[in-house]
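**Student:** Here the protein sequences line up with chains A and B, keeping their order. Its first residue numbered 1, the first sequence is counted upward by one per residue in the working numbering. Its first residue numbered 1001, the second sequence is counted upward by one per residue in the working numbering.
Quick caveat, the hints were computed from the structure, so don't treat them as lab data.
Which stretches of chain A does chain B cover? Using the computed rule of at least three CB atoms under 8 Å from a CB of chain B, they are: (1) 20-28; (2) 57-69; (3) 92-98; (4) 105-115.
Only pairs whose alpha carbons sit at most 27 Å apart, straight line, appear in this in silico DSSO-like list of lysine-lysine: (5) B:K1139 - A:K104; (6) B:K1139 - B:K1188; (7) B:K1188 - A:K104; (8) A:K104 - B:K1047.
Ideal Cβ placement from N, Cα and C applies to all residues, glycine included.
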Amino acid sequence: MNDSPLLTLAGYFALLSLFAVGGANAAIPEMHRIAVEAMHWMSDRQFADMFAIAQVSPGPNVVIVTLIGYHVAGFAGAGVATVAMCGPTCVLAYLVARTWDRFKDAHWRIAIQAGLVPVSLGLIAASAFVLARSADHNVYAGIITAVTAVAAFATRINPLWIFLGGGILGLTGWL
Amino acid sequence: MSDSAAPPSPAVSHPSLAELFRAFVIVSLSGFGGALPWARRMIVEQKRWMSTQEFNEAFALSQFLPGPNVVNFSVVFGARFGGAPGAAVALAGLMGPPLVIVAMLAILYARFGDLEMLSRILAGITAAAVGLLIAVVAKMAAPLFVKRWNSGPLIAIAAFIGVAIIQWPLPWVFVVLAPVSVAFAWFKR
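Just chain A, with the same shape it has in the complex:
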């Protein structure tokens, strides 16, 4: 393994970028595996904190990689991690966009897209599991998670209210 943290960040996130079907939330378990278990960059709780910060910041949730990068190597790390995570897929998007009309109705294209849905589903479920393990330490936290899940499934409530409620309940110190 290379011992420069910037190269390590670049390598991991560039690779992850190409396997993150379903977006940043599908890549959470792999980021957790790398940052917490393989590289020991941070604790489980710090990882969960960064996930929470990325969720409440405006913009794409992919900014969690910016936070991880900053934690590992300051501003250089933040930049390298972000470019590595977005760069390869942006180049791919640019190239594919120019030829999309030629194959958008092709059977193989539809089969690939349909086939990737269950994979993303399993990955996002794994994200929920990995994060629940670090967040839901007691019955109150578990209740917040359960109530949020039901509310978000059954209504079109703005997630901002959910985060606000969770933050306030967290502040009480019951969690």
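Given chain A, work out where chain B should sit, using these hints.
**Tutor:** Below, chain B without anything else, positioned relative to chain A:
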């Protein structure tokens, strides 16, 4: 939806680079919990740069690609109206302001992350955010489990077990499961 007999109108105006940038800045700053609904509103309803169908096709392409969907979308959309400079400008608009904000949050977290109060608040937010993820999973899973028997649930469960329980690296799980799942989708027709 509407009773209008008009065919889906093609894009009625083409954005300049400055307009592209401004549009994606606004989308990025409005997009708590997913920027897609905001992008649709801005591009289809307000600016009329794309018809609903064009938007859906561009978004399908963004989902087809790996990586963050809305990031891909900004590149696809920008490239369509302004080539490589358009793609760069849309991407910069989408990512610029959030990165500035998140950089400030990163500095604050590095300094105050150990504060008991902050860690309580973040713990509450994480617990709630996990609930949101579970709701996303439930919404995605519903159509897979409702249909007559298909491979979807098995693949999803296998991906979950591989990544969450056994903790294999994501690329391994992907390389094994994705071809199987795509093959099922290919032969199902």
